[in-house]
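Take these sequences, add in the hints, and give me the full structure.
Chains as they are written, first to last, in the numbering used here: chain A, 891 to 975; chain B, 19 to 307.
Some hints here could point you the wrong way.
Stated by the list, open to error - With the C-beta cut set under 7 Å, the calculated list includes, among others, these residues of chain B facing chain A:
#: 1; residue: Pro62
#: 2; residue: Val70
#: 3; residue: Phe168
#: 4; residue: Val226
#: 5; residue: Glu227
#: 6; residue: Tyr228
#: 7; residue: Glu229
#: 8; residue: Ile235
Unchecked claim - Where chain B lies over chain A, by a calculated footprint (3+ residues, C-beta under 8 Å):
#: 9; segment: 898-907
#: 10; segment: 917-929
#: 11; segment: 958-967
As the list claims (entries may be wrong) - Subject to a maximum C-alpha distance of 25 Å in a straight line, what follows is the list of computed BS3-like cross-link-like pairs (lysine-lysine):
#: 12; chain 1: B; residue 1: Lys131; chain 2: B; residue 2: Lys153
#: 13; chain 1: A; residue 1: Lys902; chain 2: B; residue 2: Lys49
#: 14; chain 1: B; residue 1: Lys52; chain 2: A; residue 2: Lys902
#: 15; chain 1: B; residue 1: Lys141; chain 2: B; residue 2: Lys120
These are computed hints drawn from the structure, not numbers from a lab. All C-beta atoms, glycine included, are put in the ideal place defined by N, C-alpha and C.
Now for the letters of each chain:
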Amino acid sequence: MALHFELVTPSKLVRSEDVHMVVVPGAEGEFGVLEGHAPFMSTIRDGAVQVWKTEGSTPETIEVRGGFAEVGENGLTVLAEHVDG
Amino acid sequence: MASLKELKDRIGSVKSTQKITKAKQMVAAAKLRKAQASAEAARPYGERLASVMASLASKVSGDSAPLLLRGTGSDAKHLLVVVNTDKGLCGGLNSNIVKEAKLQAKKLMAEGKDVTFYLVGKKGRAPIKREYPNKIGHHYDTSDVRHIGFAEAEGIAADLIARFEAGEFDIAHLVYPIFQSALVQNPTTVQLLPVPSPETAEESDAAVEYEPDEEEILAELLPRYVKTQLFGALLEREASEQGASMTAMDNATRNAGDLIDKLTIQYNRSRQAAITTELIEIIAGAEAL
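Written out as structure tokens, the structure is:
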């Protein structure tokens, strides 16, 4: 029971791992993605992506700028132009 | 025949040239590895973006499609974006790129289209200007950038899209070298703007929810796609430059070695001839006594 999360920038594949939950700063509001989320696509605004490795752990934040998120059968993919941290 | 001193100086100068070409070859080999690695690292992003583009573009079509996808509706004015290197010493790479660009220009002009050039990199400027002195629209300088990155691609893409929206051209083609190996770099031409409709990807059965709606996402995605394409072209250029440079410098080092061998033989022969002449003179002098 894990969500496959990928964070990709033009210069490299930053993350590709199985996590519990990811909260993405969507253009129309933040949304959290758990395993088994319905197919979904959204642009994202500049902000922090929060990654929960396991349930109840403290989230890891990754600053992203410019991009969009896609939830499909094989998990969540965030394409960002810039990533800090 | 050249004097001994002249020959010796000549050998010395070829030797120092050889040192330079050898150093350049090793630098290029090291840089090539890095350039190849970054080209490979950029691939996942491009692939994901292309697949998302394909699924979106198949949903949004007709008049509601953004300008970047739909085009201006005419195809009279063409823009050739030619990606050259900034530095020389890379064999026939730049002349091959220019050759491809000229070929495309000739073909379009034969069809009665209007062609302008948009140059990236220094080395394409002179040869294209010689043939088409009035056709160079703009030159994007990358020569003072040490590590070519996404920022440059963003700059070029923003400039191109602004020009496209201002109606300066109808169709843009991108001419750049594709790196195959250190020996082979193929110049290729692809259509950049309007973004060619991707072949329809296999459609997933699931109903995807969009936020905001498809059109808005697509409108935001298209400039990003153009940027990614330019970024890819710049990375390919980087790898091609280093690869071509490595091969060219390897050849140059070998040629310098051959030349040194030839000059050394010549030097030894003249030295021997001089000694022989001297000996004859001494013997003749001794006999005369």
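Here is how each hint holds up against the structure:
no. : hint                  : verdict
1   : Pro62                 : 5 Å, holds
2   : Val70                 : 6 Å, holds
3   : Phe168                : 5 Å, holds
4   : Val226                : 4 Å, holds
5   : Glu227                : 5 Å, holds
6   : Tyr228                : 5 Å, holds
7   : Glu229                : 4 Å, holds
8   : Ile235                : 6 Å, holds
9   : 898-907               : holds (count 6)
10  : 917-929               : holds (count 4)
11  : 958-967               : holds (count 5)
12  : Lys131(B) - Lys153(B) : 13 Å, holds
13  : Lys902(A) - Lys49(B)  : 18 Å, holds
14  : Lys52(B) - Lys902(A)  : 13 Å, holds
15  : Lys141(B) - Lys120(B) : 14 Å, holds
This entry satisfies every hint, going by the numbered hints stated previously.
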